[in-house]
Amino acid sequence: AQSVSQHNHHVILSEAASLELGCNYSYGGTVNLFWYVQYPGQHLQLLLKYFSGDPLVKGIKGFEAEFIKSKFSFNLRKPSVQWSDTAEYFCAVEENYGQNFVFGPGTRLSVLP
Amino acid sequence: DAGVIQSPRHEVTEMGQEVTLRCKPISGHDYLFWYRQTMMRGLELLIYFNNNVPIDDSGMPEDRFSAKMPNASFSTLKIQPSEPRDSAVYFCASSSTRRVRGTNEQFFGPGTRLTVL
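Going down the list, the sequences are from chains A and B. The numbering used here puts the first residue of the first sequence at 1, with every later residue one more than the last. The numbering used here puts the first residue of the second sequence at 1001, with every later residue one more than the last.
So here's chain A without its partners, still in its complex pose (with noise of 0.2 Å):
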């Protein structure tokens, strides 16, 4: 069965601080890929997706995520962080033309003003 892994659990950064969330999953063959925001007690977001093309995608709110297949790898940045980027962020992973739509357990990120 295909998984997603996040590597940070919760991550801690000061205002301005560049940001990099790892993604990584075990599907072998093709797939979308996508990144989820939830805000404090908010449901969760689009912030960006993949789906063929430019593996360096660019978001909302400044987010960008790049997409490397060999290393089956889709993580997500963003070069100055802000106070209101406090949430919880989801990588999650479908097989192309499929439903197994798998996410991650999530990075709390918070963001010190």
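Hints were generated in silico from the structure; no laboratory data involved. Small disclaimer: the values here were computed from a predicted structure and weren't measured. Any given hint might turn out to be false.
Output of the computed footprint for chain A on chain B, the stretches with three or more beta carbons under 8 Å from beta carbons of chain A [what the hints assert, rightly or not]:
no. : region
1   : 1037-1049
2   : 1108-1117
In silico negatives: residues of chain B with every beta carbon more than 10 Å from chain A [unchecked claim]:
no. : residue
3   : THR1013
4   : GLY1028
5   : ASN1052
6   : PRO1054
7   : MET1060
8   : SER1073
9   : LYS1078
10  : GLU1083
11  : ARG1085
12  : ALA1088
13  : ALA1093
14  : ASN1104
These stretches of chain A come out as covered by chain B in the derived footprint (C-beta under 8 Å, 3 or more residues) [stated by the list, open to error]:
no. : region
15  : 37-45
16  : 103-110
Beta carbons: idealized from backbone N, C-alpha and C, even for Gly.
Starting from the known structure of chain A, fit chain B onto it as the hints suggest.
Below, chain B alone, put in the same frame as chain A:
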């Protein structure tokens, strides 16, 4: 579109009572998912439907949980009898799968926060 609609937003009940959570997916979406989120276990997929048919219910924790989708615009998740350990936020999500890639993201509802006393 109003997005995925869930009701109620909050539910407080006593142990042993029946609880029914409701979800209306986005119109035209053919997949519907039920998730449970807790601090201890994170986000867990309970069950999902395709064209109103349950496809995978392996995440349903036990027989006290049941889910139905009588039509394309409505689904319920029922817990009977409820227990304190069922306290969690339950999310419903929907998606549309087509032959062309790029349309399979899941859209989440606001969730139902269930507290079982």
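Verification of the supplied hints:
1. With a threshold of 8 Å between beta carbons, the proposed coverage of the region 1037-1049 of chain B by chain A holds, since 4 of its residues qualify and at least three are required.
2. Note: the region 1108-1117 of chain B has 4 residues with beta-carbon separation from chain A under 8 Å; the three-residue rule is met and the coverage holds.
3. With a minimum CB-CB distance of about 21 Å to chain A, THR1013 of chain B clears the 10 Å threshold, and the non-interface call stands.
4. At roughly 16 Å, the least C-beta separation between GLY1028 of chain B and chain A is larger than 10 Å, which holds for a residue marked as non-interface.
5. With a closest Cβ-Cβ approach of about 14 Å to chain A, ASN1052 of chain B is found to remain outside the 10 Å limit, as its non-interface label requires.
6. A cut-off of 10 Å between C-beta atoms confirms that PRO1054 of chain B is not in contact with chain A; the least separation is 12 Å.
7. Listed as a non-interface residue, MET1060 of chain B keeps its Cβ farther than 10 Å from every Cβ of chain A; the least gap is roughly 17 Å.
8. Taking the minimum C-beta to C-beta distance to chain A, about 19 Å, the non-interface status of SER1073 of chain B holds against the 10 Å cut.
9. The non-interface label for LYS1078 of chain B is consistent with chain A: the shortest C-beta to C-beta separation is roughly 21 Å, beyond 10 Å.
10. With a closest Cβ-Cβ approach of about 24 Å to chain A, GLU1083 of chain B is found to remain outside the 10 Å limit, as its non-interface label requires.
11. With a least beta-carbon separation of about 20 Å from chain A, ARG1085 of chain B lies farther than 10 Å from that chain, consistent with its non-interface assignment.
12. Remark: the non-interface label on ALA1088 of chain B is consistent with the geometry, its nearest Cβ contact in chain A lying 14 Å away (cut-off 10 Å).
13. Its beta-carbon lying about 8 Å from the closest one in chain A, ALA1093 of chain B breaks the requirement of being farther than 10 Å from that chain.
14. Not every CB of chain A lies more than 10 Å from the CB of ASN1104 of chain B, the least distance being 6 Å, so the non-interface label is violated.
15. Counting residues of the region 37-45 of chain A whose C-beta sits closer than 8 Å to any C-beta of chain B gives 4, which meets the bar of three, so the coverage hint holds.
16. Taking a C-beta to C-beta cut-off of 8 Å, the region 103-110 of chain A contributes 3 residues in contact with chain B, enough for the three needed, and the coverage statement holds.
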